[in-house]
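Peer 1: Please take these sequences and the hints and turn them into a complete structure.
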Amino acid sequence: MEALELARWQFGITTVYHFILVPLTIGLSVLVAIMQTAWVRTGNDRWLRLTKFFGKLLLINFALGVATGIVQEFQFGMNWSEYSRFVGDVFGAPLAMEALAAFFLESTFLGLWIFGWDRLPKKVHLACMWAFAIGTNLSAYFIIAANSWMQHPVGAEFNPETGRAEMNDIWAVLTNNTTLVAFPHVIATAFLVAGAFVCGVAVYWMVKETKAERLSTVGANVADGADTVADSSADAGTSPRSDAPMYRTAARFGAVTMLIASVAVIVTGDIQAKLMFEQQPIKMAAAEGLCETETNAPFSLLTIGDLNGDCDSVRHIIAIPGLTSYLAEGDFDAEVRGLNELQVYYTERYGEGDYQPNLAVTYWSFRFMIGLGMFSGAVALATLWLTRRGRVSDSTWLRRAAVYTIPTPFLAGSFGWIFTEMGRQPFVVAPNPTGSDQIFLMTMFGVSEAVSVWEVATSMTIFTIVYAVLGVFWYRLMVRYSAEGAPQVDSAQFDVGDDDDDARRPMSFAY
Amino acid sequence: MDLAIVWFILIAVLWTGYLVLEGFDFGVGMLMRPIGKTPQGRRVTLNTIGPLWDGNEVWLLTAGGAMFAAFPEWYATLFSGFYLPLLLILLALIVRAVAIEYKSKINDLAWRTRWEWAIIISSFVPAFLWGVAFANIVRGVPINEDFTYTGGFFNLLNVFALLGGVVTLTLFLTHGAVFLALKTDGEVRERAEAWALRLAPLSLAAAAVWAVWAQLAYSTAWTWAAVAVAAVSLVLVWVFTMRGRFGRAFAANCVAIVGAVVLIFGSLFPDVMPSTTDPAFSLTVDNASSTDYTLTVMTWVAVVLVPVVLLYQAWTYWVFRRRLSVDDMPEHNELTFLKKK
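From first to last, the protein sequence lines are chains P and Y. Reminder that position 30 of the first sequence reads as 30 in the working numbering, one-by-one numbering, no gaps. Reminder that position 247 of the second sequence reads as 247 in the working numbering, one-by-one numbering, no gaps.
To be clear, the hints were calculated from the coordinates, so they are not data collected in a lab. Nothing false has been slipped in among the hints.
Okay, derived cross-link-like pairs now, DSSO-like style, lysine-lysine, Cα gap no bigger than 30 angstroms in a straight line: (1) P:Lys208 <-> P:Lys52; (2) P:Lys122 <-> P:Lys52; (3) P:Lys211 <-> P:Lys52; (4) Y:Lys103 <-> P:Lys122; (5) Y:Lys103 <-> Y:Lys37; (6) P:Lys52 <-> Y:Lys103.
Some but not every residue of chain P turned toward chain Y, in silico, with C-beta under 10 angstroms: (7) Leu64; (8) Ala96; (9) Glu106; (10) Leu112; (11) Gly116; (12) Ile170; (13) Val456.
Glycine is no exception: its CB is placed at the ideal position from the N, C-alpha and C atoms.
Peer 2: Okay, here's the thing in structure tokens:
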């Protein structure tokens with residue numbers, strides 16, 4: 001393999017891995033902030049316990065997300081230095097802004113939140129959580145603005161003297177229409193991920209607690225039947241109060257989040273698809289495996305044949321007529337350009353070359369993204385139905401469905417990025433059909449010249465191994481802390497006073 | 001003034017922020033065992049940087065991002081050229097971030113001890129390698145007419161650069177020990193004070209040799225001032241440490257780090273990465289920078305945001321200003337990987 005392919009694999013591995021962690025942080029930071037707000041406003045300890053519970057899980061997740069994020073910032077220079085030279089004048093700005101405006105906010109205020117429970121007044125402490133949540137969402141905006149420029153370069157012109165793209169309008173770069181639809185799509189996905197996570201964990205606990213409660217009620221009845229009054233009253237006195245209602249609240253909170261997020265994902269996805277048919281038509285033709293230009297173009301659910309071989313060998317098995325046309329322009333009879341026509345168009349405009357992305361990857365990742373994303377909505381509805389009007393559920397079926405749903409939006413998000421990045425190939429910066437014809441860059445010309453094959457191979461191998469090992473720890477801790485349930489919390493310890501006695505208490509939390 | 005020069009200075013400022021702040025972080029990590037000694041003592045040392053280290057590390061991400069935005073050619077040549085050292089630094093920072101957060105998540109001595117070693121080692125590696133990297137930039141490396149580094153890995157392992165590594169290593173060790181002397185109480189504090197006393201002359205000696213070498217071999221006349229400031233500061237660190245004035249010693253050490261950065265950037269100017277192949281191939285403030293438009297935008301962003309960041313980071317240091325001792329450590333949480341009955 002060449003350095004180019006290894007560098008692409010490395011970018012794919014480190015980025016997809018990073019983006020398993022990121023959406024959970026983005027969504028969960030806001031959900032935990034809402035939980036904590038509910039506690040501060042109502043004084044109900046149920047919300048405090050949920051804040052503590054999901055806050056711990058958020059921290060375990062955030063640590064690995066931050067760690068893997070450092071690599072993202074530097075691997076443009078390490079593996080993709082020619083790309084960096086070409087785009088730096090434009091692309092570097094949102095990256096630097098992300099660090100200054102968002103990373104400082106997240107990191108500083110998260111530190112204050114973790115260690116500040118007994119150091120800061122309640123409302124200030126709550127504000128720290130919100131600052132953190134805003135920081136994570138803000139960072140998504142800047143990095144998507146950077147990525148969107150690679151999908152649809154705007155606000156820049158080509159300078160033949162320096163041979164690079166140069167920015168002439170920062171506002172155009174930050175309000176790129178690609179950014180304006182990709183950002184809500186990614187954020188909605190993040191809330192789907194976080195909602196499914198909160199819902200899955202809470203349903204697991206609700207079912208478990210409800211079962212335990214019903215068992216102990218049966219036990220008490222048996223005791224009553226034996227006429228040992230003293231025993232049964234002792235039983236009733238010692239049986240702990242069930243946490244089922246608390247988890248029910250959290251489960252419904254997660255499910256409502258999922259439902260709203262699902263709708264937002266679909267709406268923004270549809271808008272984004274229509275935009276992509278204009279901006280990168282070949283990516284969308286590849287998403288359907290559409291060889292010839294068609295009106296009333298169908299959307300196939302299953303396809304056989306060698307997608308990357310002869311385009312004509314492709315056979316669509318189950319197809320919904322006109323749906324791809326509808327996706328493209330909101331009209332079932334619209335004309336959609338096929339791969340063969342687009343290949344001719346790109347060759348005329350940008351020179352000889354093979355402009356077709358990897359069809360198998362593009363076709364399937366697009367379907368997995370949609371399919372896995374849709375699935376979770378059904379589980380959210382089931383959760384809301386089974387917990388309607390104060391009901392708690394002990395359905396084993398529901399518990400399994402909710403827990404197995406947790407990974408699906410994660411996977412949908414990963415496939416979404418694989419689709420959008422692989423579908424852009426062979427470009428690393430795709431040309432803007434209505435912009436400058438000189439601003440585009442083939443991926444193969446973006447790779448570092450100074451870096452040898454063995455160097456990339458070494459770094460890819462080490463990153464993969466280290467990420468795998470850390471992933472195991474991450475997974476075990478997430479499972480372990482989820483299985484522990486919400487901690488009992490004495491809310492009085494967070495009442496911050498001014499006297500010196502307070503300052504001499506042991507820390508409420510320490511590493 | 002030329003905006004490219006403003007950004008050359010701003011990037012020096014961002015690196016200064018990073019080295020001053022994460023410098024004591026690394027020092028605390030490296031000294032966990034000798035100063036912490038007992039498991040609870042080691043916990044005290046780690047928690048002095050607990051709420052702070054992550055915010056400190058963002059200075060690196062900002063410096064990196066600013067180099068990308070303001071000097072794309074510098075960013076591209078440097079990070080593709082210094083590939084393997086940077087890889088090691090990144091790996092260390094990854095492991096370190098996870099280790100600090102995961103160490104106390106499970107109540108098991110073996111678990112905690114392993115993550116502690118991870119923190120210690122991953123603090124040593126970047127503390128040494130940043131010095132190696134900066135010394136190599138000062139010394140100059142082989143760069144061809146396409147601004148591509150052609151030196152390979154072993155070119156970076158020369159005596160001057162390795163000595164530069166020793167300088168940052170000892171400087172951060174001293175920095176960490178003085179910080180711990182300021183931020184802890186009880187036995188940990190006593191050990192921190194003793195270690196600060198031992199380390200201060202070491203960093204003074206290493207820095208003096210390297211700075212004079214750098215000055216004579218690679219620099220211009222005016223940076224003698226930076227060398228002098230750094231030298232006086234490091235002497236003061238030692239003096240204040242002997243007198244038990246650790247606040248002043250810490251301030252003096254910060255000034256010494258500023259002096260070192262001024263020496264490094266001053267010796268480079270107007271280059272940002274001198275080429276040993278041919279001075280004509282050197283990356284300079286002019287030929288490596290972004291357009292005036294981009295620099296103007298970034299200047300506004302920096303002028304507005306940097307003071308805000310400084311303000312809330314300073315507030316964090318104020319909130320967590322009190323000293324920590326073994327008595328302040330709460331019980332470990334009781335979670336283990338074994339299932340509850």
